[in-house]
Every structure is written in structure tokens, then in C-alpha cells.
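K.L.:
Sequence:
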Amino acid sequence: MGFENLFEPSRLLTYFLIIMRMGGIFFTAPVFSSSSLNNQVRMILVLVISLLLLPVVTPVTITDPNLLWLVISVTKEILIGVCIGGMTSLLFSGLQLGGYLVDYQMGFSMVSVIDPTTNSNVSYSGQVYNLLGTLIFLAIYGHHIFMRAVTQSFEFMPVGDFNVTKDAMMYVISTFIKIFVIAIQITAPVFIALMVTNVIMGILARLVPQMNIMVIGFPVKITIGALMLIASLQLFYIAYEKVIFEYFRQIKKFFEINGLAGG
41 MGFENLFEPS RLLTYFLIIM RMGGIFFTAP VFSSSSLNNQ VRMILVLVIS LLLLPVVTPV
101 TITDPNLLWL VISVTKEILI GVCIGGMTSL LFSGLQLGGY LVDYQMGFSM VSVIDPTTNS
161 NVSYSGQVYN LLGTLIFLAI YGHHIFMRAV TQSFEFMPVG DFNVTKDAMM YVISTFIKIF
221 VIAIQITAPV FIALMVTNVI MGILARLVPQ MNIMVIGFPV KITIGALMLI ASLQLFYIAY
281 EKVIFEYFRQ IKKFFEINGL AGG
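Using the working numbering, read the sequence shown as starting at 41 and increasing by one per residue.
These are calculated hints, taken from the structure and not from any lab test.
Be careful, since some hints might not be right.
What the hints assert, rightly or not - Distance condition first, Cα-Cα at most 25 angstroms in a straight line; then the derived DSS-like pairs of lysine-lysine:
| # | residue 1 | residue 2 |
| --- | --- | --- |
| 1 | K292 | K282 |
| 2 | K116 | K282 |
| 3 | K261 | K116 |
| 4 | K293 | K282 |
Using the sequences and the accompanying hints, generate a full structural model.
P.N.:
Take a look at the structure:
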């Protein structure tokens, strides 16, 4: 079905509900929710993409929608969009947390920079990992895969007729806890190297009390942390690419579980 029946009440209602879901996604998902993207531009993208999705989305079948049904449906669609976008942002939140742990070991716990995507203070290493993660996400066409996953959400979770099942919610919680942990583990090479450095510096402080560990240790930890960060970039790319693809496989499985249970 094309756009010729766009002005039918059921099609207009379907289009409106698609906009609600896409709006929740675009205002919470990483990259798309960046503050560098103007709100007016974001709204235009939501309207255009929703219009492009309209022919492939099953129209709302309710014949006599009332105000209560409309409020519940709009709330559901916004929550679905926020959940999809929010779960995707976990991929980057894990990197920022891992970067904070690295900075803590390097002695940069008080150092922060402005994240241009959120206008908030983040750790230096967290911002480095976040930017690298964003570049990897775009380089492997993660935004394209993400939009395909969004399209599949309308297949398994039709607009105006969606119920979250208990099994699906438990599955998504367990899955994204694992992904969040894996994203932090990506920073493990630098974190472990700095922990070993701290242990060695502590031993030296006991063996050579005349040595001023505070003066020597700070530049040593910075140097080792920077060198390990550079040395682990290839490993970071390989590991984080696997995390992204695993995320998309798991979110597709979530759609399938909920669709089968709801049907």
C-alpha cells in the first residue's frame, strides 16, 4: 500500500503513532540524539522517516478509537521508542564508565571534558572511548542496521496493539546487563596495566623509601596508560564491533520473543 490512502482516518492515526515511536527513538538513541543535531532537523527526520515507514506498517484496525485508547497508545509508542533508544545508548554508557575507571587509575579522576553530544562533563578517557565507539558504530553502518531493527519492531510490535510480556522484559534485562559488562571489559587492557603499575609503585615505595613515589608515579602512570590505550586500539575495534553486532542480534531476538508471546 502506497501513500494514496494517507488521509484515511486509520492511516493518519497509524502515521501519528509511528511518529510517536520514532520521536522516542530519535530523542534518546546515540548519534541521533546528539545536541549537535538541531531539534527542528530531528523533527523533520522523524516526520520523513515515519512517512517512509507508513506503507510497510500494518494500519491500526480499531474502528472507534476513544480518548483513553489514544492516550494509552501514544504512551506505549513513546515508551517503546525510548526503550529502543535507551538500550542502544547503553553501548556508549559502558564505554564512558570504563573510561572513568581508567582515569581513576591514571590519577585523572578530577579531570573532565565537555561531551558535545550531551553537553555534560565526562572523563577524558571516557570521551576518547565514546568518540572511538561512535566512529566504529558509523564505520560499520550501525545506524543503517539500527534503522532496520527499528523497522522490524513494527513487524513484531504493531502500532496500537502491543503488550510487553514478562519473558521479554526479563530477557532484555539480562541481555543488556551482559552487553554493558562486555563494553566495560573492552577497557580492561588499560585498566589492568595501570593496576599492575600501581602495585609495582607500591612495592618500590616500600623497598626504596627515599624515592618520592608521588612525584615519579604520576607521569609514569600517565605514560603507561596512554601507551596501553594506543596499543589496544586494534583490540578495541575488534571487540567493540562484536559487541555492536551482538546487540543487534539480541534486540532482534527480543522483538521475536515478545511477538511470539504476544501473538
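K.L.:
Checking one constraint from the list: CA of K292 to CA of K282, max 25 angstroms. Satisfied?
P.N.:
Given that 25 angstroms is the threshold and the Cα spacing comes to 15 angstroms, the pair holds.
K.L.:
Take a quick look at whether K116 and K282 sit within 25 angstroms of each other, Cα to Cα.
P.N.:
violated (31 angstroms)
K.L.:
Please verify whether K261 and K116 have alpha carbons no more than 25 angstroms apart.
P.N.:
violated (49 angstroms)
K.L.:
Given the hint that K293 pairs with K282, test it: the Cα-Cα distance must not exceed 25 angstroms.
P.N.:
holds (16 angstroms)
Checked against the numbered hints listed earlier, the structure breaks hints 2, 3; every other hint is satisfied.
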